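K.L.:
Whenever a hint applies, use it, and build me the whole structure from the sequences.
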Amino acid sequence: MKFLIFIPPKDFKDESVATLKMFFDRWNVGYQITSYSTKECIGLHGASYMPDINTNKVNTSDYDGIIFVDGSGIDSYKLPEFRPLLDVVLKFNNSRKYLCAVGNAVKVLARANVIKDKKLAVSEQDQESKRVALLFHGVPTDTGMEISGNIVTIKDSMALEESLNPFLEHIGVK
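To convert a position in the sequence shown, counted from 1, into our numbering, add 113.
Keep in mind the hints are simulated off the structure, nothing from the lab.
Note that this is a predicted model, so its numbers are computed, not measured.
Be aware that a few hints might be false.
[As the list claims (entries may be wrong)] Listed next, with one range per pair, are the computed distances between beta-carbon atoms:
#	residue 1	residue 2	range
1	E275	E241	31 to 39 Å
2	A160	K229	28 to 36 Å
3	Q240	D175	17 to 25 Å
[As the list claims (entries may be wrong)] Straight-line alpha carbon distances no greater than 20 Å define the calculated EDC-like cross-link-like pairs of lysine to aspartate or glutamate that follow:
#	residue 1	residue 2
4	K243	D165
5	K134	E153
6	K115	D175
7	K115	D177
8	K134	D175
9	K152	D177
10	K232	D255
11	K232	E275
12	K210	D200
13	K123	D177
14	K134	D177
15	K170	D200
16	K134	D124
17	K191	E274
18	K229	E274
19	K152	D165
20	K134	E274
21	K229	E241
22	K152	D124
23	K134	D269
24	K123	D230
25	K243	D230
26	K243	E282
27	K204	D175
28	K210	D230
All residues carry an ideal CB built from backbone N, CA and C; glycine is no exception.
P.N.:
Encoded structure:
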């Protein structure tokens, strides 16, 4: 198993990346960090990561899925409207690879138009993500995690830790 962890160039949630890395390292799941930046990416609390691969150069056949990390950078960089990123989502979806989104990153999946009739874990407090999910015919729920086909959504970074074990069991890693 090998996943991509997509982060915005700035203002992603450091704790989401740290949690993903911890669980993936614990269960020997390969991963690479990707972004459209060629420079160091800085999180909301100062964590910095140099992308292992530029998202433009991603070959979906090299990965089992992609995880979009939450944070205000999703909105400030207008990533749900960034056509090259939406094309990456479509390539992963067409290959039936896992598309995972944490928190407000669900808007990226919604705008790529891959969520029709899929259950999506969306926080009640995140009205904008809920609105976008409904607009693209997703089915928002207030659960911590939803797995709907190849779409996996996790309500927020606080639900991430409790959701990763069931997700890893679902994909056969654990």
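K.L.:
Would you list, in rising numerical order, the hints stated earlier that this structure does not obey?
P.N.:
Checked against the structure, the hints that fail are numbers 1, 3, 4, 9, 13, 17, 18, 24, 26, while the rest are satisfied.
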